Amino acid sequence: MSATTAVPPGTLRILIVDDETIVRDSLAAWFRQDGHHVDVAESGKEALRLVSAGRYDMAFLDIKMPGMDGLEVQSRLAAADPELSIVLMTAYASVETAVKAMKNGAYDYIVKPFDPDDLSMLVKRAAEHRSLRAENIRLKKSLDTAAAPPPLLGASPAMQHVVDLVATVSASDSTVLITGESGTGKEVVARAIHAASPRRYNPMVVVNCGALPEGILESELFGHEAGAFTGARARHKGKFEAAEGGTVFLDEIGEVSPKVQVELLRVLEEKVVTRLGGTTPVPVDFRIISATNRDLQAAVKEGSFREDLYWRLNVVHVHIPPLRERPEDVPVLAEQFLAKFAQSMSRRPMRFSPEALDALAAYPWPGNVRELQNAVERAVVVGRNEVVRAEDLPLRITQAPAGGPGPGSLAEAERAHVLSVLDASGWNITRAARVLDVDRVTLYNKIRKYELKKPENGA
Amino acid sequence: MEGGAARLAEAVHLLPVGSVPPGTVEALAARLSRRVELACHVLSPRDLKVRRIPNRDQLDAGALLEALEARATADAGLLVGVTGEDIAIPVFTFVFGLARQGGRACVVSLARTDPTFYGLPPDPALRDERAVAEVLHEMGHLATLEHCPDRGCLMSFAGNIERVDTRGSRFCPSCADRLPHWLRGPAPMPDLV
Chain A
457 MSATTAVPPG TLRILIVDDE TIVRDSLAAW FRQDGHHVDV AESGKEALRL VSAGRYDMAF
517 LDIKMPGMDG LEVQSRLAAA DPELSIVLMT AYASVETAVK AMKNGAYDYI VKPFDPDDLS
577 MLVKRAAEHR SLRAENIRLK KSLDTAAAPP PLLGASPAMQ HVVDLVATVS ASDSTVLITG
637 ESGTGKEVVA RAIHAASPRR YNPMVVVNCG ALPEGILESE LFGHEAGAFT GARARHKGKF
697 EAAEGGTVFL DEIGEVSPKV QVELLRVLEE KVVTRLGGTT PVPVDFRIIS ATNRDLQAAV
757 KEGSFREDLY WRLNVVHVHI PPLRERPEDV PVLAEQFLAK FAQSMSRRPM RFSPEALDAL
817 AAYPWPGNVR ELQNAVERAV VVGRNEVVRA EDLPLRITQA PAGGPGPGSL AEAERAHVLS
877 VLDASGWNIT RAARVLDVDR VTLYNKIRKY ELKKPENGA
Chain B
446 MEGGAARLAE AVHLLPVGSV PPGTVEALAA RLSRRVELAC HVLSPRDLKV RRIPNRDQLD
506 AGALLEALEA RATADAGLLV GVTGEDIAIP VFTFVFGLAR QGGRACVVSL ARTDPTFYGL
566 PPDPALRDER AVAEVLHEMG HLATLEHCPD RGCLMSFAGN IERVDTRGSR FCPSCADRLP
626 HWLRGPAPMP DLV
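Residue numbers (this note's numbering), protein chains in the order written: chain A, 457 to 915; chain B, 446 to 638.
Honestly, the hints are just simulated from the structure, not real lab data. No experiment lies behind these values; they were computed from the predicted model shown. All C-beta atoms, glycine included, are put in the ideal place defined by N, C-alpha and C. Fair warning: there could be bad hints in the mix.
[What the hints assert, rightly or not] Across the chosen pairs, the derived CB separations fall in these ranges:
id : chain 1 : residue 1 : chain 2 : residue 2 : range
1  : B       : LYS494    : A       : VAL567    : 24 to 32 Å
2  : B       : ASN605    : A       : VAL567    : 41 to 49 Å
3  : B       : PRO499    : A       : VAL551    : 18 to 26 Å
4  : B       : ARG496    : A       : GLU591    : 22 to 30 Å
From just these sequences and the hints, can you work out the full model?
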């Protein structure tokens with residue numbers, strides 16, 4: 457029988473490689489009694505020929521053979537078929553050789569003579585291992601389909617450039633810095649990079665650096681030991697450890713304090729973290745993607761952001777232009793959001809009226825894609841039929857003067873702009889303050905001054 | 446279809462080989478005759494001059510099987526070598542028995558079926574029952590059967606004495622269907638109600 461002969465499920469295709477006839481024949485007869493398909497080879501050269509000609513699940517390989525040494529045969533067999541589970545056999549127990557074989561990628565190592573039970577268990581384990589590996593590959597394939605993030609959409613050349621850059625950078629392990637105004641979709645791009653990268657089956661851990669005070673951010677990022685500070689009752693692993701093998705997404709990296717910047721730089725350079733209150737460095741394997749809506753280069757110049765950290769983070773730079781600079785993306789994104797919300801709210805397929813599309817196209821979208829998404833969600837909620845009308849959109853969109861400067865006085869202009877940003881951010885004060893580039897107290901003062909009120913229905 | 450050993454079997458001959466405790470092969474034949482539809486004969490002991498495995502106090506089971514197969518002529522039925530000595534094939538630490546699928550001869554060792562091998566008190570009945578199970582298992586191979594994945598089947602692989610005891614002494618329905626009539630055992634007595 458040839459090696460490519462189909463075998464029933466549960467049985468293995470086994471190759472026995474040994475220069476001693478008695479060993480080859482005994483093992484072959486033994487495995488055949490278990491229903492496995494067995495071929496034999498009396499030299500490494502013959503084994504290589506058989507493996508190149510057909511598929512085997514497992515190979516039992518004698519270490520000491522004339523001609524090609526067993527370890528060399530092992531390397532060549534593994535190169536010819538990386539899926540092959542190789543078990544090395546020897547008549548002399550040598551820890552050194554065993555370690556070498558295992559480091560070389562052997563599935564196992566056994567010493568002659570074998571205990572029949574041990575050999576039977578080894579083959580059973582190998583069969584289970586192969587079955588789990590096959591299942592793992594199958595599940596990863598279904599995961600790729602089921603958990604794939606939505607594609608990055610955009611008809612504009614600027615967005616096409618971002619899509620191309622994401623495709624290129626995904627294959628590498630370089631750090632990526634994503635810049636763009638608030639609401640442009642920096643996290644969406646980060647998720648797209650992670651999902652297309654070799655690290656996709658490991659976690660992507662998101663840390664919003666701007667939302668946490670310095671002490672808590674340190675603990676979140678690097679973890680802490682029990683008793684490191686008041687309230688630290690148990691050991692806590694940080695985000696770098698949680699992302700083992702995956703991606704750490706540091707959002708709002710521009711908000712990180714100088715002290716944490718130093719610690720981040722050390723982690724990036726040494727790939728080890730030391731938990732707060734701990735002394736033992738823990739090796740970590742991660743990729744960093746960071747994002748900011750601030751001008752980091754300006755921050756470097758003014759001394760609030762470390763230059764060495766900036767260059768560490770900015771190996772590849774992806775800039776997402778604001779939505780107002782790529783108006784051709786508005787209808788594409790709006791249609792996608794409309795389909796998504798109609799489906800999630802169990803509505804029939806919906807479409808925009810020409811007037812609604814005109815209004816969407818004329819609006820400058822200071823809150824970018826996030827504002828557009830909120831506006832479409834509101835329209836699906838309030839719209840009563842399958843066509844989204846202009847009046848279903850928020851007032852600020854339909855009443856925005858096309859391209860005009862707006863109200864007459866500076867105060868009126870400021871009032872209108874602050875209100876527009878607040879609406880776009882869903883009255884999230886932190887987010888709106890960031891878009892307006894003022895602190896929260898200033899924003900509260902403006903709200904009081906202009907007597908702005910959050911709409912009752914949240915629209 | 447019954448071919449090879451199945452077609453040839455009219456009787457089973459048990460041949461004591463090497464050192465065997467007196468009376469054990471006869472006791473084994475008596476037990477075996479209750480499990481198969483074959484006449485079970487005990488042959489006179491023979492010194493087959495089988496080689497020992499170097500540096501190990503074990504008979505070479507492969508060489509012993511070859512010697513038995515050479516004696517098992519076409520008209521002699523099945524030949525079962527029974528030895529009280531420990532046996533192995535060089536690549537294994539030991540075997541309970543050995544047969545070639547579709548062959549006419551097999552060998553079983555009583556050494557490891559004996560509780561005293563494991564430091565336990567003697568139990569001749571248990572030793573002989575285990576030995577019968579081993580003979581039936583090897584005869585299953587002679588009837589071309591492979592190892593069975595059903596762990597409760599006599600044809601399942603046993604790599605230690607616990608498995609010999611726990612797998613029982615019966616063939617599973619799937620293996621029983623493939624057995625020749627003489628190995629299926631006598632038909633059960635009809636209900637007398």
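Hint by hint, here is what the structure shows:
1. For B/LYS494 and A/VAL567, the hinted distance range of 24 to 32 Å is satisfied, since their beta carbons lie about 30 Å from each other.
2. Between B/ASN605 and A/VAL567 the beta carbons are some 18 Å apart, a value that contradicts the proposed interval 41 to 49 Å.
3. Between B/PRO499 and A/VAL551 the C-beta distance comes to about 25 Å, which sits within the given range of 18 to 26 Å.
4. Under the hint 22 to 30 Å, the C-beta atoms of B/ARG496 and A/GLU591, about 47 Å apart, miss the expected range.
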